[in-house]
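Work out the full structure, taking the sequences as your base and the hints as a guide.
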Amino acid sequence: MELPKLMTAQAAAKKLGIGPKLFKKEVLARRIRFISIGRRRKFIDEDIILYLNDQRERSKCRYTSGKTVHISHTTSVSKVKGISEVHL
-10 MELPKLMTAQ
0 AAAKKLGIGP
10 KLFKKEVLAR
20 RIRFISIGRR
30 RKFIDEDIIL
40 YLNDQRERSK
50 CRYTSGKTVH
60 ISHTTSVSKV
70 KGISEVHL
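Note that the numbering used here has the sequence shown beginning at -10, numbered continuously upward.
Just so you know, these hints were derived from the structure itself, not from any lab. Some clues are possibly wrong.
Straight-line C-alpha distance at most 20 Å; calculated SDA-like pairs for lysine to any residue [claimed, not checked]:
#1 31 <-> 12
#2 10 <-> -8
#3 4 <-> 37
#4 3 <-> 36
#5 -6 <-> 36
#6 13 <-> 44
#7 10 <-> 23
#8 4 <-> -10
#9 14 <-> -9
#10 68 <-> 22
#11 -6 <-> 18
#12 -6 <-> 30
#13 14 <-> -3
#14 10 <-> -3
#15 3 <-> 30
#16 31 <-> -8
Simulated DEER-style distance windows between Cβ atoms [said to hold, decoys possible]:
#17 -7 <-> 20: 54 to 60 Å
#18 8 <-> 42: 20 to 26 Å
#19 19 <-> -3: 30 to 36 Å
#20 3 <-> 47: 28 to 34 Å
#21 42 <-> -8: 21 to 27 Å
#22 68 <-> 18: 50 to 56 Å
Don't be surprised by glycine CBs; every beta carbon is placed ideally from N, CA and C.
Encoded structure:
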């Protein structure tokens, strides 16, 4: 059995094409999985790919994905008056 190659946070962020601050934010939010080795966090390709797939699912446009039911109710009744009908 071959072990997966472990990456540092810096290498994983570079692979994703994002900065270290955003990468750390995603890790702390538990959106990017990691492996703890002592006090260090390491990352593997499989978890980076899972993160990308999750992002793809989340970023679907809400206007074009799936059916949406629009419901509107009009509760007011108004009548259009001509300018000659208005008393000032």
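Structure-based check of all given hints:
Only pairs whose Cα atoms come within 20 Å are accepted, and residue 31 paired with residue 12 is accepted, the gap being roughly 13 Å. With a C-alpha separation of about 28 Å, the suggested pair residue 10 and residue -8 falls outside the 20 Å cut-off, and the hint is violated. A threshold of 20 Å between alpha carbons decides the hint, and for residue 4 with residue 37 the separation of about 9 Å falls inside it, so the pair holds. A threshold of 20 Å between alpha carbons decides the hint, and for residue 3 with residue 36 the separation of about 14 Å falls inside it, so the pair holds.
Of the supplied pair hints, the one linking residue -6 and residue 36 holds, its CA atoms being roughly 12 Å apart against a limit of 20 Å. Restraint check: the Cα-Cα separation between residue 13 and residue 44 comes to about 16 Å, which is no more than 20 Å; the hinted pair holds. A hinted pair counts as satisfied when its Cα atoms are at most 20 Å apart, and residue 10 with residue 23 qualifies at roughly 16 Å. About 25 Å separates the Cα atoms of residue 4 and residue -10, which puts this hinted pair outside 20 Å; it is violated.
Taking the CA atoms of residue 14 and residue -9, the gap is about 30 Å. The hint is violated against a cut of 20 Å. Between residue 68 and residue 22 the alpha-carbon distance is near 60 Å, which puts this suggested pair outside the 20 Å criterion. Annotation: proposed proximity of residue -6 to residue 18 is violated, straight-line Cα distance about 23 Å (limit 20 Å). Only pairs whose Cα atoms come within 20 Å are accepted, and residue -6 paired with residue 30 is accepted, the gap being roughly 13 Å.
Among the hinted pairs, residue 14 with residue -3 is consistent with the structure: their alpha-carbon atoms are about 15 Å apart, no more than 20 Å. Of the supplied pair hints, the one linking residue 10 and residue -3 holds, its CA atoms being roughly 14 Å apart against a limit of 20 Å. Under the criterion of a C-alpha separation no larger than 20 Å, the hint pairing residue 3 with residue 30 is consistent with the structure, at around 15 Å. Distance hint between residue 31 and residue -8 is fulfilled; the C-alpha atoms sit about 13 Å from each other, no more than 20 Å.
The hinted range of 54 to 60 Å is not satisfied by residue -7 and residue 20, whose Cβ atoms lie roughly 19 Å apart. Restraint check, residue 8 to residue 42: a C-beta distance of roughly 21 Å satisfies the suggested window 20 to 26 Å. A beta carbon spacing of about 19 Å between residue 19 and residue -3 contradicts the range 30 to 36 Å that was offered as a hint. Checked against the hint of 28 to 34 Å, the C-beta distance between residue 3 and residue 47 comes to roughly 22 Å, which is inconsistent with it.
For residue 42 and residue -8, the Cβ-Cβ distance of about 23 Å falls inside the hinted range of 21 to 27 Å, so the restraint holds. In this structure the supplied range 50 to 56 Å holds for residue 68 paired with residue 18, their Cβ-Cβ distance being about 54 Å.
Of the numbered hints given earlier, the model fails hints 2, 8, 9, 10, 11, 17, 19 and 20; all others are met.
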